[in-house]
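Visitor: Sequence:
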Amino acid sequence: MHIKFVKLPGNPEAFFNILPADWKKEIAPVWEQYAPEADIYVLIDGDQIVAGGVVAHGMPIDMAHFFHEVSEWVDQSYRYIGYLWVIENRRKQHLGSLWLRELAKHDPKTKYWLTIEEENLGHFYLSNGFHMVKKLQKGNITEWLLVKD
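The opening residue of the sequence shown carries number 0 in numbering that gives the first Met the number 0; numbering runs sequentially from there.
By construction, these hints were calculated from the structure, which means they are not laboratory data.
Here are the simulated distance ranges between beta carbons:
id: 1; residue 1: Gln136; residue 2: Lys3; range: 35 to 43 Å
id: 2; residue 1: Gln32; residue 2: Ile140; range: 15 to 23 Å
id: 3; residue 1: Arg90; residue 2: Gln136; range: 24 to 32 Å
id: 4; residue 1: Lys134; residue 2: Lys3; range: 33 to 41 Å
No farther apart than 30 Å at their CA atoms in a straight line, the calculated lysine-lysine pairs in the BS3-like style are these:
id: 5; residue 1: Lys108; residue 2: Lys134
id: 6; residue 1: Lys6; residue 2: Lys104
id: 7; residue 1: Lys110; residue 2: Lys137
A quick note: this is a predicted structure, and the numbers were derived from the prediction, not measured.
The beta carbon of each residue, even a glycine, is placed where N, CA and C say it ideally should be.
All chains, full assembly: derive it from the sequences and hints.
Guide: Structure follows, in structure tokens:
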């Protein structure tokens, strides 16, 4: 197994196609707005994308509902990590952790923030150097904000 961490050039569809349908439906229509301030990084094993995620500068369009709650990190040039996904048949191989480590090696001075919709995912990010900042609540939307300095 020789896995490479690469910035996905050009067409994002190769990454979108590994995402769950609801995530793809969320990001694909707004990607043109995202793209000038975002990059997609993937783990490739052979010719297959096995994991990937989006790294964005500034305020990502899908986080606008929490603008005031997260603007502190955006203003301090933290980069947003979103849509981190590992394909189903490659789970439990630490590929999510590998993706985060490779991202940190790629740009070692960068700080990151992200949100999770399921609190139980916090353990994964905590074990990868993030810390929980706060619970975010807007109407029926609940997310947790994590940062890595």
